[in-house]
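**Student:** Chain B: place on chain A using the hints.
Number of protein chains: 2
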Amino acid sequence: MSSLLTIAHGSRRAASNDEVRQLADAVRAQPGQAYAHVETAFLELAEPSIPDGLVALVGKGATEIVAFPYFLAAGTHVAQDIPDAIAEFTAKHPEVAVRLTQHLGASAVLPAAILNVAG
Amino acid sequence: MSSLLTIAHGSRRAASNDEVRQLADAVRAQPGQAYAHVETAFLELAEPSIPDGLVALVGKGATEIVAFPYFLAAGTHVAQDIPDAIAEFTAKHPEVAVRLTQHLGASAVLPAAILNVAG
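Keeping their order, the protein sequence lines are chains A and B.
So that you can map any letter, position 64 of the first sequence is 64 in the numbering used here, and since no number is skipped, the others follow by simple counting.
So that you can map any letter, position 104 of the second sequence is 104 in the numbering used here, and since no number is skipped, the others follow by simple counting.
Calculated from the structure, these hints are not laboratory results.
All figures in this text were calculated on a predicted structure; none of them were measured in a lab.
We treat Cβ as the ideally placed atom computed from N, Cα and C, and that holds for glycine.
Watch out, some of these pointers could steer you wrong.
Just a few of them, taken from the derived set where beta-carbon distance is under 10 Å, the chain A residues facing chain B [claimed, not checked]:
hint, residue
1, Ala15
2, Val20
3, Val27
4, Gln30
5, Tyr35
6, Val66
7, Leu104
8, Gly105
9, Ala113
10, Asn116
11, Val117
Facing chain A, a subset of chain B residues (Cβ under 7 Å, in silico) [as the list claims (entries may be wrong)]:
hint, residue
12, Leu4
13, Ser16
14, Glu19
15, Gln33
16, Val66
17, Phe68
18, Thr101
19, Gly105
20, Ser107
21, Leu115
22, Val117
Chain A on its own, in the form it takes in the complex (with noise of 0.2 Å):
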């Protein structure tokens, strides 16, 4: 069972955890995703962490996590922070498979959804 993980970075606003954590819902409720479930992480500044995230997923049956970084700048943060973070998860949990995704900056997806915006 596949669920995807939004990781972003936290804020101490907390209207923007709140954005992030609404996206999730509509990304949750995109007509034909194929997601049991789709939840939220935090590298810092909000909760849950990225481990925790990872371990509420699994507590609801997820036996495979994509690991989406909703980032976009390739910074430390997404080369180094959230990678560790994951092997910090898989270390304890070897038999859950984590797949991290591109950061959302290097989407090929991006241009046109861009494009799509600004109309």
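**Tutor:** For chain B alone, coordinates are given in the frame of chain A:
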């Protein structure tokens, strides 16, 4: 003649700013896109600034500019700083129509785009 200005936060990391510029290149290269020019500007920490980016588009002949905030969250930058910077430009160039779009994080196309990234 309508042009698109992608507005990013700007980073101390040159590679992050280059990533945004490359995204503008990719938007410009999208098949069927109708903007005469697609350029990038930065709120801070990188050049050009938002007013300078708008002026540069006018110099290329733009009479309508779509300003797209390449931001994930609707914080102060999106709600106030970017509109203020555009207002600074518009006060000097009332003949140029600048339309400010939703920020990326609020885009209705983002949930589907995320499912495409995550696979």
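**Student:** What are the numbers of the hints the structure violates, in ascending order?
**Tutor:** none
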